[in-house]
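In order, the protein sequence lines correspond to chains A and B. If you count the first sequence from 1, position 164 lands on 164 in this note's numbering, and the numbers rise without skipping. Going from the second sequence to this note's numbering is simple: count from 1 and add 1000.
In case anyone wonders, no lab produced these hints; they're calculated from the structure. Note that the Cβ used here is the ideal one computed from N, Cα and C, for glycine as well. It is possible that part of the hints are untrue.
[Said to hold, decoys possible] Calculated Cβ distances over 10 angstroms to all of chain B for the following chain A residues:
no.	residue
1	P31
2	D72
3	R74
4	V91
5	L92
6	W105
7	A227
[What the hints assert, rightly or not] Ranges of calculated distance between the beta carbons of each label pair, as one might list FRET restraints:
no.	chain 1	residue 1	chain 2	residue 2	range
8	A	L124	B	L1005	33 to 41 angstroms
9	B	R1155	A	S39	43 to 51 angstroms
10	A	V91	B	A1156	20 to 28 angstroms
11	B	W1204	A	T208	37 to 45 angstroms
12	B	G1006	A	A225	43 to 51 angstroms
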Amino acid sequence: MSLRNNAGPAAALGAFAFLLGGVALAFYWVPDDADQGFSQRIFYIHVPVALTAYACFGWGAWKALRLLWTRDQRYDLESYTAVHMGVIFGVLTLVTGSIWAKISWGVWWSWSEQQLVLFLVLFLFYSAYFMLRYSTDPGPRRASMSAVYALFGVVLIPVSFLAIRLAENFIHPVVFTRDGPQMEGTMFLTFCVCLAGVLALATALYQTELAGKRLDERLRELREALA
Amino acid sequence: MSAYLGDVVVLARKDLLLELRARDTVPAMLLFVVSALVVFRFSLPAEASDLAAVGLLWIAVVFTALLGLTRAFAAEREQRLLDGLVLAPCDRSAIWLAKSASVLAFLVLAEAIALPAFALFFAPVGWETVAAFALADLGIAAVGTLLAAMAAASRARELLLPLLFLPLVIPIVVGGVGASVQADPGRYLAFLGLYDLVFAILAWASFEYVVTE
Chain A
1 MSLRNNAGPA AALGAFAFLL GGVALAFYWV PDDADQGFSQ RIFYIHVPVA
51 LTAYACFGWG AWKALRLLWT RDQRYDLESY TAVHMGVIFG VLTLVTGSIW
101 AKISWGVWWS WSEQQLVLFL VLFLFYSAYF MLRYSTDPGP RRASMSAVYA
151 LFGVVLIPVS FLAIRLAENF IHPVVFTRDG PQMEGTMFLT FCVCLAGVLA
201 LATALYQTEL AGKRLDERLR ELREALA
Chain B
1001 MSAYLGDVVV LARKDLLLEL RARDTVPAML LFVVSALVVF RFSLPAEASD
1051 LAAVGLLWIA VVFTALLGLT RAFAAEREQR LLDGLVLAPC DRSAIWLAKS
1101 ASVLAFLVLA EAIALPAFAL FFAPVGWETV AAFALADLGI AAVGTLLAAM
1151 AAASRARELL LPLLFLPLVI PIVVGGVGAS VQADPGRYLA FLGLYDLVFA
1201 ILAWASFEYV VTE
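In isolation and in its complexed conformation, chain B is listed as follows:
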């Protein structure tokens, strides 16, 4: 067990270190999420309510996550690192867990900018919204990492990932927007938790089949 966690920590540390040195992904995500919010501000009619803006915040975050996910396996693909990782004597699901952890870290960083920016441009953000984003991030990272590995193995790559990802993320958007705008956020937060649990287990169990033949 501790060996497994050790593998995960080493692999996740590699991703974070790569990002710290190259700064490929996170700055792009931060800039993208702020630009998206500004564009959305102008896409809303002047008399639109803040509720509509909350929906757009979720869309902005989902697309920002997509941006990060398309880059998630870029280094592995360019350097053919994934073959090496699969050959390494560690559990394959550890690769998924480590990659999800780094994707999650990038996403949380992006939201640390997006939520204050949203509060500044549109309306204050309640605790329910923050909790919903925290839960949604887990699901997005878990499902997204698995799908990113699939897309990386295909010819279409960046083109394929949004197609695979968006239908699966609809329940997250439903739960997240519901928790942000409805009077009883508890049900929606519970639903997000359920989604995370179900899909994390599924992705954890099935990642091996995505990277091996």
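Bound-form chain A, shown alone:
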């Protein structure tokens, strides 16, 4: 197993460049939103962060599936790290969404905000994932249980989405409809740059965290070998 990682620094550099460019574009280039004015610019962080959280959960579930498929234990750590990143970006989504809700609708929390409610459900679900991991002894059994739970999570996302949609009337703006993105070209470009930046940031964090955890594991093995 190689502990060297080259993708991490490249992703970190990319994240820095894209985020810097994205923020600059969001503040100086794109026009104000006709409806919400200046405050709408949080969109360029909030939505990419939310999409990245989904991507992390999806990646974690994919690694979990690979683990169950091949029984190769190295996927356990990868799946765990991806879910870990997903939770971090999920919390960021909750925070930025809450701020936007306060500015737009005057409240910190609104149950008719479907994305926020969905992220709250996911946050609770994936927090339980950590509880499951911490209260089970390490080993192949824990790896496969965590993998099954991570797969449940990725199925829960659309099911909860449907449930929340059924339950409430919404005020959350819907930008991406069946007819494509409902925004101007400049806005869409800025959005794409920000999305690339946040995704690169997630990749960099994922690589760093994974390298750290692998090192940790290797160290433990060596210690056991010495003892």
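The hints should help you fit chain B onto chain A, whose structure is shown.
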């Protein structure tokens, strides 16, 4: 196929027989659901509508199911029976199916008391509510059994199961309460059916990985 069903029947019969002899779980569930309804009656302000009470009925049933689920693998764990079952020459998903069937039976018994009690204490129950409970029971039993097996393998056990179970049961509560109180229950019932289908398939396919190494 018939061998598979035979395994399921034998395993489910074992659970029901155990319950019939020891009476560990079902009486506790019945008492709990009635007590919960009485406590909820006092937690509601006097002028609260019956709609709020319907929501509380769902919560009472979910927690009653949780109570039953924490006991679901108690016998297996105490006697280390699960190791034996996993070694037995039967499909592992049969263990899940049998356990879900017994959990479902206990839950239906609890609701057979809870719904008349609710009608007596609060408001009459329509056919939509009964249908919603029937569909919700399937989902609760399917998902709950798998999670109970996970929790039984962990150190935290009873503490862990509610944490794993409640986020997954939110869609059931949404569908169930919606079907009970909204004017068009069809959509909500269809949603509950979809939930059952998706999660039952997932739990059926993944149970093997939860009990084996």
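Requested in this report: Could you tell me which of the numbered hints above are not met by this structure, giving the numbers in increasing order?
Outcome: none
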